[in-house]
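Single-letter residue listing:
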Amino acid sequence: MKLNIKISESITKRISNLTDSCSGKLYGIITKDNLVIVALHVSQNDFDLTNSLPSGIEFCGILSVGSENQHHNVIPRTVLIKHVFGNDGLSAFIEENGNYKATSYIIITEQEINNTFLYIRLKGEIPLKSEFTASALKETFQNVQKTASLELVFSLLKSNIFILDNETIGIDSDISLNEFCEESNSFNEEINKKKKVINVKPRILEFNLLQQLTKNNSSEVIKEHAPIGILDKHPFKVIDTLLQIDSLAVVKADTKIQNLYTTLLQSINKLLKLYEIKFLDFVNINKLTKNLVYEIFHFYPEECQHFLTFLYAKDQSEAELKILRLLLHKQLLLETSAPCFRRSNQYMFDKKPNGPLINPHEGIRATDNGGVIALVRGKYEYYHYCQNKMDDNGWGCAYRSLQTLASWFKLQGFVDRDVPTFAEIQQCLVNIKDKPACFVGSRQWIGSTEVNFVLNTLLGVENKILYVSSGDDMASKGQELVSHFQNHGSPVMIGGGVLAHTILGVDYNQQTGDIRFLILDPHYTGGEDLHTIQSKGWCGWKNANFWDKGSYYNMCLPLVPREV
Amino acid sequence: MVRTAIVDDNLEKYLSAVSRDNNYAVGLILGQSCLGKDYIIHFAKTPPLQTDDDKKSGKSAEKPKKIEDFNNVWLADHARQATRMLPGGFYVLGIFVISPDDVLNPFNPKIKSLLHSVHIQLSSNKYLFGSPNTDKLVLHHSSKTQKYFCKSYDITSHSVQPVDVKSQPKNWINIHCDFTLNKLYYLAKHQGELPLEKHIKVILDELSGILDTAVFLYDREFRDKDDSLETLGKKKNRNSRSSKNSHESGDGQKPLQVSIFQSMNSNSSTNSDVNILDSGGRFRLIGKVASKLWMQPKTTIAEASEAVKEDILRSLTSRLEMHWDSLIEEENSEDINSVHEPPRRVLIALPDSEIALSDYLFPGEGPQEAKVSLEELLDVKINGKLNITDVEGQADATDLDKYYKGALDSDKDDVSLKDKPDSNHLMYMGLVLSLLVLIVAVLFKVFM
Chain F
1157 MKLNIKISES ITKRISNLTD SCSGKLYGII TKDNLVIVAL HVSQNDFDLT NSLPSGIEFC
1217 GILSVGSENQ HHNVIPRTVL IKHVFGNDGL SAFIEENGNY KATSYIIITE QEINNTFLYI
1277 RLKGEIPLKS EFTASALKET FQNVQKTASL ELVFSLLKSN IFILDNETIG IDSDISLNEF
1337 CEESNSFNEE INKKKKVINV KPRILEFNLL QQLTKNNSSE VIKEHAPIGI LDKHPFKVID
1397 TLLQIDSLAV VKADTKIQNL YTTLLQSINK LLKLYEIKFL DFVNINKLTK NLVYEIFHFY
1457 PEECQHFLTF LYAKDQSEAE LKILRLLLHK QLLLETSAPC FRRSNQYMFD KKPNGPLINP
1517 HEGIRATDNG GVIALVRGKY EYYHYCQNKM DDNGWGCAYR SLQTLASWFK LQGFVDRDVP
1577 TFAEIQQCLV NIKDKPACFV GSRQWIGSTE VNFVLNTLLG VENKILYVSS GDDMASKGQE
1637 LVSHFQNHGS PVMIGGGVLA HTILGVDYNQ QTGDIRFLIL DPHYTGGEDL HTIQSKGWCG
1697 WKNANFWDKG SYYNMCLPLV PREV
Chain P
749 MVRTAIVDDN LEKYLSAVSR DNNYAVGLIL GQSCLGKDYI IHFAKTPPLQ TDDDKKSGKS
809 AEKPKKIEDF NNVWLADHAR QATRMLPGGF YVLGIFVISP DDVLNPFNPK IKSLLHSVHI
869 QLSSNKYLFG SPNTDKLVLH HSSKTQKYFC KSYDITSHSV QPVDVKSQPK NWINIHCDFT
929 LNKLYYLAKH QGELPLEKHI KVILDELSGI LDTAVFLYDR EFRDKDDSLE TLGKKKNRNS
989 RSSKNSHESG DGQKPLQVSI FQSMNSNSST NSDVNILDSG GRFRLIGKVA SKLWMQPKTT
1049 IAEASEAVKE DILRSLTSRL EMHWDSLIEE ENSEDINSVH EPPRRVLIAL PDSEIALSDY
1109 LFPGEGPQEA KVSLEELLDV KINGKLNITD VEGQADATDL DKYYKGALDS DKDDVSLKDK
1169 PDSNHLMYMG LVLSLLVLIV AVLFKVFM
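Read top to bottom, the protein sequences are chains F and P.
Per this note's numbering, the very first residue in the first sequence carries number 1157; after that it's consecutive.
Per this note's numbering, the very first residue in the second sequence carries number 749; after that it's consecutive.
Among the hints, a few may not be true.
Within a straight-line C-alpha distance of at most 25 Å, the following computed DSS-like cross-link-like pairs (lysine-lysine) qualify [what the hints assert, rightly or not]:
id, chain 1, residue 1, chain 2, residue 2
1, F, 1620, F, 1633
2, F, 1285, P, 949
3, F, 1371, P, 946
4, F, 1389, P, 937
5, P, 946, F, 1389
Sample of chain P residues lacking proximity to chain F, with all beta carbon distances greater than 12 Å (derived) [what the hints assert, rightly or not]:
id, residue
6, 793
7, 913
8, 1098
9, 1116
In silico contact screen, one side only, chain P against chain F (beta carbon under 8 Å); selected entries [unchecked claim]:
id, residue
10, 929
11, 937
12, 1002
13, 1003
14, 1007
15, 1011
16, 1023
17, 1025
18, 1030
19, 1031
20, 1033
21, 1035
22, 1140
23, 1142
24, 1151
Simulated from the structure, these hints should not be mistaken for laboratory data.
No residue lacks a Cβ here, since even glycine has one placed at the ideal position from N, Cα and C.
Let the hints inform the model, and build the full structure from the sequences given.
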């Protein structure tokens, strides 16, 4: 049967920017007659990405970028994707009788991928008890994997559906996942949407881990006996811990429930492999420490459009991990101007039910100014009046704008700090002696200067301050704003008179001198309703008349470090 | 609603028989409570108090001549040992008293103190689940009139309530569960010298916690906790789409199979950061606990699951207690590697009943020993060979060899087997030990 090859748009985008030749590995999802290539990894050494990818995304071929006549070892049942400098696009080859034969391919978007497949997140814990030597650890990990396949049970979160090897409980085994999801409305995003929404974001089903403590009648007869105790009084150095399990698998949305077990088990095995590698490294270094706690982080970098899972040691700082991150950026062909793999970049699985909206400007009506459009890059949260049951109507707008700016730095991974609360903002201004002690708990408003102080003190962010003496002069700052959004991409706080706003972007027409501002208005007092916010103009494009001729304005432009 | 105790002809006959032979006697009421009814399965007369010296000199035990002659400690220990033999869901519900004169009107203070002693003894080990409530039955059978009356006495509120006694046949739903145990436990360095018993306590605590949060399935199906056992067969047919094995379970012939799934999501983010430690050794408890329970059809799923949990822990703690009692001091805290083989569970059918009770046999013991304990603890005399069901099986040489390789290969020579070849007398061990306790207690009383 002919294999249809589909290549993720994210891969072609990254390869087309390359100027140096390189080679690497490709990872994809193989279904009956389709191969969807979703991940690439440019690496010369042995470092293997397989275990960091969700189970279901497996090694499928090699990538070659450079001149026409590079030599490739032919690996059975794989594909070869080539990009030759000077040629447009990629060419695809598939292994046939020991040679790579040219074949066709199509490019597939993130939206198509996420409509075809869905992710399963499996959470739980597995005890690990082992003598703390390399050989004992290896053996223990093998045993854990072996017993896992005999004893583990997966249950769909908040349901009484259990999936075992060769058995499903509480659900028909030949029902497919999407049938089931439609019935039970398992994806939070789809709740209370009137029209059918097309998924762009990955859809995620959450499963929990259980272990069978009783013997199933059908399981093969293992000789059993009454409990006995074996005491071994030798002193050992041991590790006795619970390994946190939080693994991902990707499956086709029409997969039958009964076929999930192996993929889910495989996702645990990948994670166990990541643990094993870390633990063995640790034994070999023989570091004198009592801490061996790793935390699991899932990332979904915009440029990759697939998940990646890494373990970071709890006591390892972001600075210590920088070399590793830089390596990852290079091997995955990602920009090195903004971090993707800091802890704070981790994928947000659970949206807070009434938390602030993320990027409410997306999907807004376009401008008609015909100029250079430069927008905020990445994600921010929309902070506005009366959130968290706090009535700051009339005085809190600059605080809210400040919070929006701070959220951008957090969501981009530049800072690991939570968005500062009103109390923290006020206390900070008292601490730096900008305000008297009675300022804490007061309802006094703040301006761009204070925003600058607080961002600098609490987040370590440097800011540029722009000043205009009248709202009429705002257009004169067009070029500077364009270059801010192009080079830094962070949201801008603007204060004038008694009002504060957030600027998310500009549309600046150099010929006409006309300018439009994409404004996020913190004075909104309603609930987190995207439709209202967009249609009533709480987030939208405004022309220069938006600004008051009689007021002067200060803008606080947060500068963004270029680092990973 | 007045509490009702359900008996049957055999139980009534037993009481009459005991009261023919004894002017005064006391014994245990064994049974199960469900929806305000007490389903009595057995009466077990407490054997007369016999000291070691009496036994040696061949002097037969003296029968009590008045109600004050009943010995509290002796009765309480009988209750403890009888509880060990009960499947989960069954308890010592109270006591029966045989005397010529009424002891319930007015309520005799001696009975209060007997019940109090029984409750205290049964509550001393929480994993025995001996005394789940404080309201105890007292059945008085007059050796003069051959009539009986029943009351309940609450040992905390001291309230005495009437209890109806009805004679009617009982139905049971049989539940099976084979629980697999495989726990590895590291001894911290400074704890290496503690007796093993202390370490086991930690394992039991862990197991109890696991069972509290586990999912219990009945015939591989999830059930609402408020469903009653008798509805399981009916509901199943409606839901046949998801049921693979559509065998008839409504007729009560086939036992319900319970599966237990441990939740692997403790969400204990607080789990200690210190996870590499210097251990003084390790202890592995491995094997299966076979549970067979009989429950009233109206029992809810939640109650049945609790009974299964109690059965597993009661069975484990019973056999381990018996094991520790059989060890001499230095064996318990010794410094060498060893294999501990606690007695294994066997089932003995209660005469004229579908219900089987448990006994625990050390390696080398057989039906003969089980017969003795049946007679001593349950006052059941069997003529001829006793049928016992070996539900768990004894670990054999290949098993042990496998574990040596797995766990002890570091030093094979140190291994000593802790099964007692001369354990024939162990059946009496419990009683002998309690006798010592009794003597001490009596002396204590005398000299106070």
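To see whether the hints hold, each was checked on the structure:
Under the criterion of a C-alpha separation no larger than 25 Å, the hint pairing residue 1620/F with residue 1633/F is consistent with the structure, at around 13 Å. This hinted pair checks out: residue 1285/F and residue 949/P have alpha carbons roughly 19 Å apart, not beyond 25 Å. The suggested pairing of residue 1371/F with residue 946/P is violated, with an alpha-carbon distance near 29 Å, which exceeds 25 Å. Proposed proximity of residue 1389/F and residue 937/P is supported: the alpha carbons are some 10 Å apart, at most 25 Å.
Restraint check: the Cα-Cα separation between residue 946/P and residue 1389/F comes to about 15 Å, which is no more than 25 Å; the hinted pair holds. For residue 793/P, the shortest C-beta to C-beta distance to chain F comes to about 30 Å, beyond the 12 Å cut-off, and the non-interface label holds. The Cβ of residue 913/P lies farther than 12 Å from every Cβ of chain F, with a closest approach of about 38 Å, so its non-interface assignment holds. No beta-carbon of chain F comes within 12 Å of the beta-carbon of residue 1098/P; the shortest separation is about 22 Å.
For residue 1116/P, the non-interface assignment is confirmed: its Cβ lies about 19 Å from the closest Cβ of chain F, beyond the 12 Å cut-off. Because the closest C-beta pair between residue 929/P and chain F is about 5 Å apart, less than 8 Å, the hint holds. Checking residue 937/P against chain F by beta carbon gives a least distance of about 7 Å; that is within 8 Å, so the hint holds. This hint is violated: residue 1002/P has a C-beta 11 Å from the nearest C-beta of chain F, more than the 8 Å allowed.
Checking residue 1003/P against chain F by beta carbon gives a least distance of about 11 Å; that is not within 8 Å, so the hint is violated. Proximity of residue 1007/P to chain F holds as hinted, the smallest CB-CB distance being about 5 Å (cut-off 8 Å). A distance limit of 8 Å between C-beta atoms decides the matter here; for residue 1011/P the minimum to chain F is near 6 Å, and the interface restraint holds. The beta carbon of residue 1023/P is positioned within 8 Å of a beta carbon in chain F (closest approach about 4 Å), and the interface hint is therefore held.
Hint status for residue 1025/P relative to chain F: holds, with the closest Cβ pair at about 6 Å, below 8 Å. Given the 8 Å rule on beta carbons, the hint for residue 1030/P holds: about 5 Å separates it from the nearest Cβ of chain F. For residue 1031/P, the interface hint holds, since its Cβ comes within 8 Å of a Cβ in chain F; the closest pair sits about 5 Å apart. Interface hint at residue 1033/P: satisfied, since its Cβ lies 5 Å from the closest Cβ of chain F, which is below the 8 Å cut-off.
Given the 8 Å rule on beta carbons, the hint for residue 1035/P holds: about 3 Å separates it from the nearest Cβ of chain F. Given the 8 Å rule on beta carbons, the hint for residue 1140/P holds: about 4 Å separates it from the nearest Cβ of chain F. This hint holds: residue 1142/P has a C-beta 6 Å from the nearest C-beta of chain F, less than the 8 Å allowed. Because the beta carbon of residue 1151/P sits about 5 Å from the nearest beta carbon in chain F, less than 8 Å, this interface hint is met.
In summary, the structure is inconsistent with hints 3, 12 and 13 from the numbered list given earlier, while agreeing with the others.
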